[in-house]
Amino acid sequence: MTALTNLLAFLGLVVTLLIVWRQGWPGRLALFVAQSLLLALLAVVIGILAGKPGLLVVAAVVVLLKAWLIPRALARMGAGTPVLRPLAPGRSSAVPLLVSGGLVVVAYAVMLPVNAATTLPTEGGIPLAFAMALIGLFVCVTGRDALGHLLGFLMFENGIFGLALLATYGLPGLVEAGVFLDVLAIVLLMEGVVLRVRREHDSIDVDRLRELRG
Amino acid sequence: MAALAYVLAAGGGLAAALLGLAGMAGATFTVAAPALLPLGGLELTLDPLGGFFLALIGGAAIPASLYAVGYGGGERRGLLAYNVFVASMCAVPLAANALTFLLAWELMSLASYVLVAQSGDREAVSAAWVYAVMTQAGLACLLAGMLLLGVWTDSFRFADWSATASTLPPAGAGLAFALLGLGFGAKAGVIPLHVWLPLAHPAAPSHVSALMSGVMIKLGIYGLMRISLDWLGDGQAWWGIAVMLAGVISAVAGVLYALVEHDLKRLLAFHSIENIGIILIGLGAGMLFHLASLPALALLGFAAALYHTLNHAAFKALLFLGAGAVLHATGTRNMEEMGGLIKRMPWTAAAFLVGSAAIAALPPLNGFVSEWLTFQALLQNLRIDRAEQNLVFALGIAGLALTSGLAMACFVKAFGITFLALPRSEAAARAHEASWPMRAGMGLLALACVGLGLAPTLVVPALVRVGADVMRVPDPANLGGWLTLNISGEFASLSTVAVGAALLAALALPAVLLAAAGVGRRRRLYETWGCGRLVQTARMEYTATAFANPFKRIFDFFYRPVAQLDIEAHPESRFFVTRIEYANPTHSVFDRWLYRPALGVLHRTARRARLLQSGSANLYLIYILAALLALLVLA
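Read top to bottom, the protein sequences are chains A and B. At position 176 of the first sequence (counting the first as 1) the number is 176 in this note's numbering, and the numbers step up by one without a gap. Adding 1000 to a residue's 1-based position in the second sequence gives its number in this note's numbering.
One side of the interface only, derived from the structure: several residues of chain A facing chain B at Cβ under 10 Å: (1) L103; (2) V106; (3) F138.
Derived contacts from chain A toward chain B, CB cut-off under 7 Å, selection only: (4) V110; (5) L137; (6) C140; (7) V141.
Label-pair distances were calculated between CB atoms; the ranges are: (8) R199/A - F1590/B: 51 to 61 Å; (9) D1154/B - A177/A: 30 to 40 Å; (10) L1036/B - A177/A: 21 to 31 Å.
These aren't lab readings, by the way, just hints derived from the structure by calculation. Quick caveat, the model's predicted, so the values are computed rather than measured. Ideal Cβ positions, reconstructed from N, Cα and C, are used throughout, including at glycine.
Bound-form chain A, shown alone:
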């Protein structure tokens, strides 16, 4: 069991790093779907091995929500953006990748006391999931448009979901349901906002928000 969960968490982190590396929007979206599916698989594995049938339901919801509904909404939002982001000098994926590597180290350092305190069979994956969350937040920070922010936020949420799975074998169903609802609401709201902003301004570049400053 330990090997399987560790492997899945590791693959999740690899996919996360691939999202940081990829520049094109359809590619990033496909990788996000892959990340979500990996997490659903993780939930299924833990659910079977720990004897928690509730987690199978959670996995089904994850597939439905994060691998189908939300990506569809994201695809609608991204329909107007160019397939390849316009190249800008000084903006390659090398620096973000380097920072992401640093964040993985930070995640291991921060989680040292947690790992020392637990004896779960899944403890090896905990720092990996935490690194996924931190990198998600980092993607959110460096996002150049509203889609980038939203994708980062969703990766962050995925990381936290993975962390909860590995550290506690999943949150109580009620909390999990609440979080899923929140995420869905945010994506739907953002869809409305993004489509409207694009209609009004022909761009969803967040730099233009600066002009609103009083």
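Since the structure of chain A is already known, use the hints to place chain B on it.
For chain B alone, coordinates are given in the frame of chain A:
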């Protein structure tokens, strides 16, 4: 619909008053819903002090709601806010833990904010803004103080605070007292935290002004009484000194501001500050006596403060309702445009006269009794053997005496300029009497003023029982008979019934003597002497500005008045004056020396802090990431 809502509020007020009276008599109950909210959930409990304030709120809500039936004129806006306001005020003295208290407190502030801003004009909105800022700053202080106490005593229940207060270190208890005192002082309108009061009270509808001034600011007093004598134990000497000094400053400065104010409702609002000061003088005396182990005197000071709280609620609510009737009839709050209203609004004038005499502390009305009690408490200060405290008491005596005299002068002005002589404007000449629900509301309060003045022998023992319960000292049983009130043994005694009878006799005596001497009662109507002029107009009357001018000159160090004379002459010759305008504005020392510098510092800090706010969403997200990482690494 509107009338129904106000009747509902009046009914709720009646129930609250009865429940409060039962609480004063010793009835207790507790309702708790601990699971509803964190930090101990909701819990209400009734004890004598809470019962007193509950009865006060309920008792004031009855006439105010009755009055509103006539005053509102079917206006539907603000009905919900009004009922929420009354209900949340009732919940404040019943709250048994910090969370319940703060919820009720904030609900009360929000509802009153809505009511202040209700009319929607520029003045009301800006007044509501100042009110909101001050009340939220006060709430921040309360929150900080209560959280500190909660952490130190490991409980958010007030009963636990009282039980463990003696174990707190003096510095910690002092810090909690200072924080909570600032919060409650801001609500009570203690100077220099008073700035919202003269703005917000006039802007609100008059029945709301009556409740805000009559009872809402009293909940600040309620909080100060709790922290001085109950939650934080017996306290320290500087607490009592601070309370008394704050009282002296509020009383004197409040009445000085009122003297030069010509907006009738603002004038009343400044008098609220003055009366809060008088209450605090009594409370401060009670605290100092309590600390000096003189329980009888401590009870006297405390009972004087409670009595004045009650009296001020009665006469200030009455005066605000009267001012509201005048505003309703003339459409202005400026006294310089009134005059002669006594002939058109006799009922309102009579009620306002009773209120004026009561606030000016004329016997046998209620204001006299509580100020007399306060004086008696202050005058026995030599039984404390501490020179610095005796000095503070001396300041209290001097301040209270000055305040009483100035208040008298101020209400001669308020009543005389508003109701006597000839109407100064067209609106005043066409004024009409208030409708009967308004008159009923004022009548109830006028009766209360007379009753509380004539029956101190019934009221004072009840208040002393409340005080004995709060301070945990035995209740002195003997305070005199049914007619005469004795305090501190035989130190002083008072019988307002006898005083009233003597005054009545003194008024009736000349008439009786003249009748006995056989002098006829022939009425002669003649014009007032107008310095030889043929035509008499309202322009020749004494104005409010003229009345206030001598005071401005005497206290010019406080008012800092500026004379503005604007003369417009005929173009042909400067000896033919076409127009003269005279204005004599004053400046608030607190605005100039306290609030302007404080606001300046705030603005400068805010400008620096704007560097953080670049407008870039990425930067804001970086703040979040950095904060998260810092917390994770440091924790």
